[in-house]
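Produce the complete structure using the sequences and hints provided.
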Amino acid sequence: MFQGLVALCLAGCATAPPTPTKPATEAAATQPAAPAPSAPAPEPVKEAAPAAPASEKKEPARPWADEVLYFVVVDRFADGDPSNNEKGDVKAAGTFHGGDLKGLTANLDALSSLGVTALWVTPLLQQIPGFVTGSGFPDWGYHGYWADDFHALDPRFGTEADFKALVDAAHARGIRVLLDVVYNHPGYNSRYLKDHPDWLRSEDKGTCGSDDLTSCVAGLPDFKTERPEVAKYLLDAQIDWAKRSGVDGFRLDTVKHVSHDFWKEHRRRTRAELSPDFFLLGELWGGDVEGLAPYFTPDEMDAGFDFAFQGNALGFIQGRGRTVAFDRYLQSRAKVTPGHHLAHFLSSHDVDGALHQLQGNVPLFRLAATLQLTTAGIPVIYYGEEVGRAGGDWPQNRGDMPWGKQAVKPGAGKKRDEPLREYYKRLISIRRAHPALSRGVHAPLSTEGDVYVFQRRDEASGDTVVVAVNRGKTKGTASVPWPEGWTGVGEVEDLLNGGRTKAGATLDLALPPLSARILGRVP
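Start counting the sequence shown at -4; every next residue gets the next number (my numbering).
Treat the hints loosely; a few may be bogus.
What the hints assert, rightly or not - In silico EDC-like links for lysine to aspartate or glutamate, alpha-carbon gap of 16 angstroms or less: (1) K238 with D272; (2) K227 with E260; (3) K420 with D104; (4) K497 with E486; (5) K251 with E221; (6) K470 with E443.
Derived from the structure by calculation, the hints contain no laboratory data. All of these numbers come straight from a predicted model, not from anything done at the bench.
In structure tokens form, the structure reads like this:
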């Protein structure tokens, strides 16, 4: 029922058409399920507080092309401060579960040991006080995409000091931080509708348009970002948070619903007021090389999500379509605008998770992860998929982080797949050690049958890596010419499984069913 709207908004607004948030007492009368917090009277919109100096940080000495990005829905990851928890059923799909900034900070070592180099966190702004009911159940702003005040953090996530502590702790581990920001809309029944009604289009007033820029996505009030005073207010607020926290960049929500003029000014200001290197990762629903080009060519942002990767990768490993077709897709990604990046994912907060789509088939999922982490672009790991959190369709794809025997709420006791996590660690370690995998040129070596072999070659470093994947249910073989990049090399190592192969006229490969090999020079 709600899938159509998921396709409209990759964020917390991706639900069924919600009825506007009602006062808590009225909403409780229409939806008897979870208790609603009392809704305080709206306060006047606050002016921006004076910016505190950004935290001093040791900038990781690596290009963004080499980053491995980990995406966390803060409320569903780790609860570090029970005193700020919302009362209610923490097992219900639409309620706050208690995850916060302190919990995330306390568990950064889990990300660091995995090999993660960058962290994307969901929006942290003060959310609307009540819930919406159009999804068929009470649904709060636990995801952060229904802002009620652009100059305050939601206390259920933590304080400004907690936010800065997270950024500082991440930087101390060499992890960059991206903050998710939303310019297109506030939350349902947001205070902005009362305090600044002329700033917004809304369904209640019948002022929503029918195009991307003026429509009210999923029924949310739509900021008139074409008005200078509205654009300035929103930009001032988000840039101020970046200054105060020291984050390294923004993840930009609902890109196509905001004009190019806004994004050009956004780019100008972030570079002038934050850093020339302040990173911008845009979410253009359905984006790919061609769709993102109008935003990359005028340099409005640095990177964008490649929505085509999940479907192509899962289709290939499940035997749907010829191997050569999947290779053509990977080759097409090289057409990305120079100096810009594609970010590719297997699961997210608004699409059915890959492991769930594979019906829990972990060997197949390992192949998908192998392809993701040996492909050009910025790989995005969605929290918990590295330990087998299957997710599912919305809202199951936003479940609690599984912590197994660790006493970390809200996901304490939830089963973890530790061998899968170790597999991810190996893949990430290989990627980080071999620039050919993140920056190299793709070349197909064998594209017939179920065994797919391709080469990644980075001329600058001289690094060459060969990746072989057998999607078949029986043993597979392939024989390809010995790569030129290995000329003079006596033997190469299977970086993933161990073992060495001596040089010859050909590279002869044998792969068990549903397996992969990654070969490179012996250190």
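So, going through the hints one by one against the coordinates:
1. Distance check on the hinted pair: K238 and D272 sit about 14 angstroms apart at the alpha-carbon level, within 16 angstroms; holds.
2. Proposed proximity of K227 and E260 is supported: the alpha carbons are some 10 angstroms apart, at most 16 angstroms.
3. Restraint check for K420 and D104: satisfied, since their Cα atoms lie roughly 13 angstroms apart, inside the 16 angstroms limit.
4. Proposed proximity of K497 and E486 is supported: the alpha carbons are some 4 angstroms apart, at most 16 angstroms.
5. Proposed proximity of K251 and E221 is supported: the alpha carbons are some 14 angstroms apart, at most 16 angstroms.
6. Taken as a hint, the K470 and E443 pair is honoured in the structure, with Cα atoms around 15 angstroms apart against an allowance of 16 angstroms.
In summary, this structure violates none of the numbered hints.
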